[in-house]
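Protein chains: 2
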Amino acid sequence: MLNQSASLDLMFQALADPTRRVMVERLSRGPAAVSELAKPLAMSLSAVVQHLQVLQASGLVRSEKVGRVRTCRIEPAALRIAEDWIAARRAIWERRLDRLGEFLAAHPDEPNQGSNS
Amino acid sequence: MLNQSASLDLMFQALADPTRRVMVERLSRGPAAVSELAKPLAMSLSAVVQHLQVLQASGLVRSEKVGRVRTCRIEPAALRIAEDWIAARRAIWERRLDRLGEFLAAHPDEPNQGSNS
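Protein sequence lines correspond, in order, to chains R and E. Position one of the first sequence corresponds to residue 1 (the working numbering), numbered consecutively onward. Position one of the second sequence corresponds to residue 118 (the working numbering), numbered consecutively onward.
What the hints contain is simulated information worked out from the structure, not anything from laboratory work. Each hint should be verified, as a subset may be incorrect.
Claimed, not checked - Label-pair restraints from in silico Cβ distances: (1) Leu-221/E with Gln-50/R: 34 to 44 Å; (2) Ala-105/R with Ala-222/E: 22 to 32 Å; (3) Ala-123/E with Gln-53/R: 19 to 29 Å; (4) Gly-184/E with Thr-19/R: 38 to 48 Å; (5) Gln-53/R with Val-183/E: 26 to 36 Å.
Note that the Cβ used here is the ideal one computed from N, Cα and C, for glycine as well.
Let the sequences and hints guide you as you build the complete structure.
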């Protein structure tokens, strides 16, 4: 199993391509066969399969072959890991701003102390 | 100005590297000089500056030089754009599951209709 940092590398790398984001977007509306994923994309089926492999390696998408049809589905838990990483950093930043605001509210005169002296 | 898709390419690309995530993590705790950002990283200052340039090109980080010191800060609105893109796809998937659950609750006998016949 990949460690968390290596997984995040692969997930963000997978999301850094507009074609792969279109595929994730399509799969968020429900499972789809590879041919269906390829339909709106102006590229060969083998190029679509390569993008699919990047998405699968990242854990964001999984697929299963039944008979001759490979059906792809999104892995929402993996999307959640990428989302949570970003959200946690934003939350740290926002808490810091809140604390700064509280400090300034509690010490209204201090920012100018020592100036003009 | 970059369009939304090109910005997302650059942001996810910027986040797909562990060193750059360490830098974002540090900056989420407050602004920092380039030398301070470099301190925990086992690489040359010029390698750190290159990573910083990738983060700045993506809009996730901005920096300002005052005198001889370049101070970097995070751009929470940009982090938000990347986070929202993922969250929206996850939300579409979850609404779909909710609708499926409601459908099955309203039609308790139908999943087995036609089987064993």
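We went through each hint and held it up to the structure:
Between Leu-221/E and Gln-50/R the beta carbons are some 36 Å apart, a value that agrees with the proposed interval 34 to 44 Å. Separated by about 49 Å at the C-beta atoms, Ala-105/R and Ala-222/E break the suggested range of 22 to 32 Å. In this structure the hint that Ala-123/E and Gln-53/R lie 19 to 29 Å apart at CB holds, the actual value being about 24 Å. Range check, Gly-184/E to Thr-19/R: about 45 Å between beta-carbon atoms, so the 38 to 48 Å window is met.
At about 47 Å, the CB distance of Gln-53/R to Val-183/E disagrees with the hint of 26 to 36 Å.
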